[in-house]
Each structure stands twice: as C-alpha cells, then as structure tokens.
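What follows is the residue order along each chain.
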Amino acid sequence: MKIFVIIPGYNEGSAIGKVIKDLIKAGYTNVIVVDDGSKDDTGKVAYDSGATVLTHIINRGQGAALKTGNLYALENDAEIIVHFDADGQMQVSDIKAMCKPIVDNKVDMTIGSRFLGKAENIDSGKKIMLKLARFVVYILYGLWLTDSQNGFRVMNRKAAKKIEINSDRMEHAGEILGEIKKKKIRFKEVPVTIKYTDYSMGKGQHWTRSFSLGVRMLLRWILKR
Amino acid sequence: MIQRKNKNFSFNEFIFWGGIWIVLIAVSFSKPILTYAAGILGFSRGVDILIYGGIIVLFYMLYRLYAKVDKQQQEITELVNRIAVDNPKKKK
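Which chain is which? The protein sequence lines are A and B, in order. All you need for our numbering is the position in the first sequence, starting with 1, plus 13. All you need for our numbering is the position in the second sequence, starting with 1, plus 97.
No lab work stands behind these hints: they were computed from the structure. Values in this document were obtained by computation on a predicted structure and should not be read as measured data. Take these hints with a grain of salt, some might be off.
Said to hold, decoys possible - Derived lysine-lysine pairs resembling PhoX-like cross-links, with alpha carbons at most 20 Å apart:
no.	chain 1	residue 1	chain 2	residue 2
1	B	K187	A	K34
2	B	K187	A	K57
3	A	K119	A	K109
What the hints assert, rightly or not - So, partial list: chain A residues that the calculated Cβ filter (under 7 Å) puts toward chain B:
no.	residue
4	K57
5	Y60
6	V66
7	T68
8	H69
9	A77
10	K80
11	L84
12	Y85
13	D181
What the hints assert, rightly or not - Listed next, with one range per pair, are the computed distances between beta-carbon atoms:
no.	chain 1	residue 1	chain 2	residue 2	range
14	B	D183	A	M14	21 to 27 Å
15	A	G155	B	D167	20 to 26 Å
16	A	R229	B	Y157	20 to 26 Å
17	A	L156	B	D167	23 to 29 Å
18	A	K201	B	V154	49 to 55 Å
19	B	A164	A	K175	21 to 27 Å
20	B	V154	A	L87	22 to 28 Å
21	A	K140	B	G151	45 to 51 Å
22	A	G138	B	I119	57 to 63 Å
23	B	D183	A	R229	27 to 33 Å
24	A	K109	B	D167	36 to 42 Å
25	A	K195	B	D183	26 to 32 Å
26	B	G139	A	K195	40 to 46 Å
27	B	D167	A	K174	20 to 26 Å
Note that beta-carbon positions come from the ideal geometry of N, C-alpha and C, so glycine has one too.
With the hints as extra help, turn the sequences into a complete structure.
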C-alpha cells in the first residue's frame, strides 16, 4: 500500500523536524509537508529531515494546505492519505490503527478521536469548547462525532477524490465532515492519543478563536443554503 | 472622476457611470417625479423612495462584493495549490 502522510505547516520549524524523522523511522517514507507560506524555516527543516516539500507562496490556511497535499498525493498514485499535524501532538504509532479499517476495506475513511482515546494535559477551556463543537457540527453537518475537530484523518483514494475542501482556513474540519455526510463516505472514529505540550498549546487554536471559528462556520452554512 | 484620471475606467465605463449619476441626481432634485413614484409605491414622502431604494441597492452591492471576494479568494487558493503541486522539493 502506498501511504502518503500529509503535514500542513505554518511556522512550525522548531517541531516539524522531529515529527518527520519519527514518521520516516516508522516506515512512512512518503512524507509530504505543505509549507503554507511560513515566515520561519519550516520548509528547509522539512526538506533536510527528508520530507517532500510543497510550498505555498503565500499563506492560505490549513484547509488550503490540505487541499494541496491531497492533490499532490492523488497525482502521485497514493492509495492511502494520512492527515497529520506538525506540532508533535499526534502519535506516529496511532497511524497503523487508523489505517487498518481502510486496508481491511471496512470503511473509506477514519477520523481520530481524542475522547475515545486519550487527551493528555488538555486544559478545561479547550475541552469544553471541543465538546460544544460536537453540537455545532451535528446541527450544521448532521454528523455526531465524539471529536469533531480532530485533524488526524486517514482516507483511501476514493474518499480523497470525493472530498472537496473549499474553506481555506480552519473551517475545513467541519467542511470535511459535511462532505462525508453528503457524499455518503463510509467512515469510522478511531481512538487516538493527543499529547498536549507547552509548544502545541501555544501554537494550537486558543479556545476563544474556536468561538469565532464557530461563527464563521455558521455564516458559511447560511450562505451555502 | 478620480477613477477616470487614474485610467481605472475605460471611456465607455466613464460615460456609463457618469450617466447613472446624472440621472440619479436629476431625479433626486425633481420633486414631481419623486412624489409621483412615491404615490405609486405607497410612501407618503418622495424622499423615502430615495432612502429605501438606496439601502436596497447598497445591500445588494455588498452582497455582490462579498460573493466576488469569496470567488477570488478561492481562485487565489487554486493558483497557490497548483504552483505548490507542480514544484515539489524532493530529495533524489
């Protein structure tokens, strides 16, 4: 199976190197980093660590970076596409369990869930926001997930071709779920461990920003009607 | 006028927008036309038509502008996607 691991990165120079090396060590040789117009040395670090680097000449957001990654993977005959984070929160060891239901052809896509699995060192504000997000996602997209904002996804070719990501910024997480529902993609949630570190907490979305994300998601939903 | 000077508008566009503005100004200042139109639409004052009409036109333009910006954003993203995919940096 040709597995492509896609890592969107925006100013992740200090953490991304280790993530890439861990992935390659674990046998995932097709690591694709989408450098989303970083102002630091993300692209160089990624290249030196052995990843293939796709460069956004200007910052377009995580949704757009994943779109680039998917496009590249599909054009290079990927059979399985993994969406992974640059900040080291996700565990390389979880990828295997995420891929298994797809390799066994039980589903076309798996989504990681830190609430079925483990969320280490999560702060309460973020936890509450993530639990609230479930309801927002259910109301907007009609999918009930234990962890609707998890960026850890694995999909096969069929699913990747069907999913259209049109929101450039962070709304894509919800949008992808909407696509799953609309295009009837077979999916499953798989328990994963997310380890919050000081670095990733600083980088990740502050929960107040999650709130404005919710508002934008709502706006987009209304306009799409 | 400034747009014309900066050559952002072609001559035809200049005539078109200029014409619209002249008609609008003329209508605004001619009480009989306004009062007549107001009577048809059920407003008591002629000026009301200008105000309501203005608000409707503004909102419509805002909507069009929003749609246009959104479309352009998507086009920029597509462009950035394509450039990135076509120029991978890869270790041999």
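Structure-based check of each hint:
1. B:K187 <-> A:K34: holds, 15 Å
2. B:K187 <-> A:K57: Cα-Cα ~11 Å, so holds.
3. A:K119 <-> A:K109: Cα-Cα ~15 Å, so holds.
4. K57: violated, 9 Å
5. Y60: Holds - the Cβ of Y60 (chain A) comes within 7 Å of chain B, reaching about 5 Å at its closest.
6. V66: holds, 4 Å
7. T68: holds, 6 Å
8. H69: holds, 5 Å
9. A77: Since chain B brings a Cβ to about 5 Å from A77 (chain A), closer than 7 Å, the hint holds.
10. K80: Nearest chain B Cβ about 6 Å off; hint holds.
11. L84: holds, 5 Å
12. Y85: Hint on Y85 (chain A): holds, closest Cβ of chain B at ~5 Å, below 7 Å.
13. D181: Holds. Min distance 5 Å.
14. B:D183 <-> A:M14: 21 to 27 Å: holds, 26 Å
15. A:G155 <-> B:D167: 20 to 26 Å: holds, 24 Å
16. A:R229 <-> B:Y157: 20 to 26 Å: Holds, at about 23 Å.
17. A:L156 <-> B:D167: 23 to 29 Å: holds, 24 Å
18. A:K201 <-> B:V154: 49 to 55 Å: Taking Cβ atoms as reference, K201 (chain A) and V154 (chain B) lie about 51 Å apart, which means the hint holds.
19. B:A164 <-> A:K175: 21 to 27 Å: About 26 Å separates the Cβ atoms of A164 (chain B) and K175 (chain A), which means 21 to 27 Å holds.
20. B:V154 <-> A:L87: 22 to 28 Å: Since the Cβ atoms of V154 (chain B) and L87 (chain A) sit about 45 Å apart, the hinted range of 22 to 28 Å is violated.
21. A:K140 <-> B:G151: 45 to 51 Å: holds, 49 Å
22. A:G138 <-> B:I119: 57 to 63 Å: holds, 58 Å
23. B:D183 <-> A:R229: 27 to 33 Å: Once the Cβ atoms are compared, 30 Å apart, the range 27 to 33 Å for R229 (chain A) and D183 (chain B) holds.
24. A:K109 <-> B:D167: 36 to 42 Å: holds, 40 Å
25. A:K195 <-> B:D183: 26 to 32 Å: holds, 30 Å
26. B:G139 <-> A:K195: 40 to 46 Å: holds, 44 Å
27. B:D167 <-> A:K174: 20 to 26 Å: holds, 24 Å
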